[in-house]
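Undergrad: Sequence:
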Amino acid sequence: MAQIYIMRGLPGAGKSTWARRNYPQAHVCSADSYFLDDEGVYRFNRTLISRAHASCLRGFAEILASIAGDPANSPEVVIVDNTAIRAWEISPYYNLAMAYGHDAAIIHVKCDAEKAHSRNIHGVPLERVEKMDDSLSSEELPVFWTVEIVEGGCC
Numbered sequence: 000m001a002q003i004y005i006m007r008g009l010p011g012a013g014k015s016t017w018a019r020r021n022y023p024q025a026h027v028c029s030a031d032s033y034f035l036d037d038e039g040v041y042r043f044n045r046t047l048i049s050r051a052h053a054s055c056l057r058g059f060a061e062i063l064a065s066i067a068g069d070p071a072n073s074p075e076v077v078i079v080d081n082t083a084i085r086a087w088e089i090s091p092y093y094n095l096a097m098a099y100g101h102d103a104a105i106i107h108v109k110c111d112a113e114k115a116h117s118r119n120i121h122g123v124p125l126e127r128v129e130k131m132d133d134s135l136s137s138e139e140l141p142v143f144w145t146v147e148i149v150e151g152g153c154c
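Take 0 as the starting number for the sequence shown in numbering that gives the first Met the number 0 and just add one per residue.
Honestly, the hints are just simulated from the structure, not real lab data. Certain hints may be false.
To be verified - Cross-link-like lysine to any residue pairs, in silico, SDA-like; alpha carbons within 25 Å at most: (1) K109 to N72; (2) K109 to Y99; (3) K114 to D133; (4) K130 to P141; (5) K130 to A67; (6) K109 to E129; (7) K109 to W144; (8) K114 to K130; (9) K114 to L125; (10) K114 to D31; (11) K114 to F34; (12) K130 to F43; (13) K114 to P141; (14) K130 to S90; (15) K109 to Q24.
Claimed, not checked - Listed next, with one range per pair, are the computed distances between beta-carbon atoms: (16) T145 to W87: 14 to 20 Å; (17) S65 to E139: 29 to 35 Å; (18) R42 to R118: 16 to 22 Å; (19) W144 to D36: 31 to 37 Å; (20) F43 to R85: 17 to 23 Å; (21) E61 to Q24: 17 to 23 Å; (22) A98 to V40: 34 to 40 Å; (23) D133 to D37: 37 to 43 Å.
Beta carbons are placed, not taken as given, at the ideal position from N, Cα and C, and that holds for glycine.
All chains, full assembly: derive it from the sequences and hints.
TA: What follows is the structure, given as structure tokens:
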């Protein structure tokens, strides 16, 4: 059984940094990976974001199926590294983890909106980051989900 961490936080909050620092050997599923070219250069294209998220979810399902098929040669930790502002963005990952019998926790990386905006690599405008921050603050997640709040590297 793997431990699943589902990251949650503003763009630039420090989600990827937290994941790399705490679990350098983890298997990471991220919509951002969709935008890496063959040389590993990040080339974000806003018009492809839906495809990127579909690819991330598909990759997550595939790694869970792989773990089920060969648990001895599987990662101990799998991290979903997306913003996951709304509960509906988290629930497919959480439900898949539960269906495969894994423990899952949401890691909410808190960070000031202005600071996160200055660090985000997607060019998300400050006004949008502030709206995302409002949504993070007001979105109630199911009480049976395990949520850990950590301070981002930018606060």
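Undergrad: Does each hint hold? Answer for all of them.
TA: Checked hints:
At roughly 34 Å between alpha-carbon atoms, K109 and N72 are farther apart than 25 Å, so this suggested pair is violated. Pair hint K109 plus Y99 does not hold up; C-alpha atoms about 29 Å apart against a cutoff of 25 Å. Under the criterion of a C-alpha separation no larger than 25 Å, the hint pairing K114 with D133 is consistent with the structure, at around 15 Å. Using a Cα cut-off of 25 Å, the hinted pair K130 and P141 holds, with the two alpha carbons roughly 21 Å apart.
Taking the CA atoms of K130 and A67, the gap is about 39 Å. The hint is violated against a cut of 25 Å. Proximity of K109 to E129 is assessed by CA-CA distance (about 13 Å); at most 25 Å being required, the pair is judged to hold. Note on K109 and W144: the hinted pairing holds, with a Cα-Cα distance of about 18 Å set against a maximum of 25 Å. A hinted pair counts as satisfied when its Cα atoms are at most 25 Å apart, and K114 with K130 qualifies at roughly 14 Å.
For the suggested pair K114 and L125, the alpha carbons sit about 10 Å apart, so the restraint of at most 25 Å is met. The suggested pairing of K114 with D31 holds, with an alpha-carbon distance near 20 Å, which does not exceed 25 Å. Using a Cα cut-off of 25 Å, the hinted pair K114 and F34 holds, with the two alpha carbons roughly 24 Å apart. For the given pair, K130 sits about 21 Å from F43 by alpha-carbon distance, which is consistent with the 25 Å threshold.
Between the alpha carbons of K114 and P141 the distance comes to roughly 28 Å, so the proposed pair goes past 25 Å and is violated. For a cut-off of 25 Å, the pair hint linking K130 to S90 stands: about 21 Å separates their Cα positions. With a C-alpha separation of about 23 Å, the suggested pair K109 and Q24 falls inside the 25 Å cut-off, and the hint holds. At about 18 Å, the CB distance of T145 to W87 agrees with the hint of 14 to 20 Å.
For the hinted restraint 29 to 35 Å between S65 and E139, the CB-CB distance of approximately 33 Å keeps it satisfied. Distance hint check: the CB atoms of R42 and R118 are about 19 Å apart, consistent with the given range 16 to 22 Å. Remark: the range hint 31 to 37 Å for W144 to D36 is upheld by a beta-carbon distance near 35 Å. At about 21 Å, the beta-carbon gap between F43 and R85 stays in the expected band of 17 to 23 Å.
The hint said 17 to 23 Å for the Cβ distance between E61 and Q24, and at roughly 19 Å that hint holds. Checking the proposed 34 to 40 Å range against A98 and V40 shows it holds: the Cβ atoms sit about 35 Å from each other. Checked against the given bound of 37 to 43 Å, the beta carbons of D133 and D37, roughly 38 Å apart, stay inside it.
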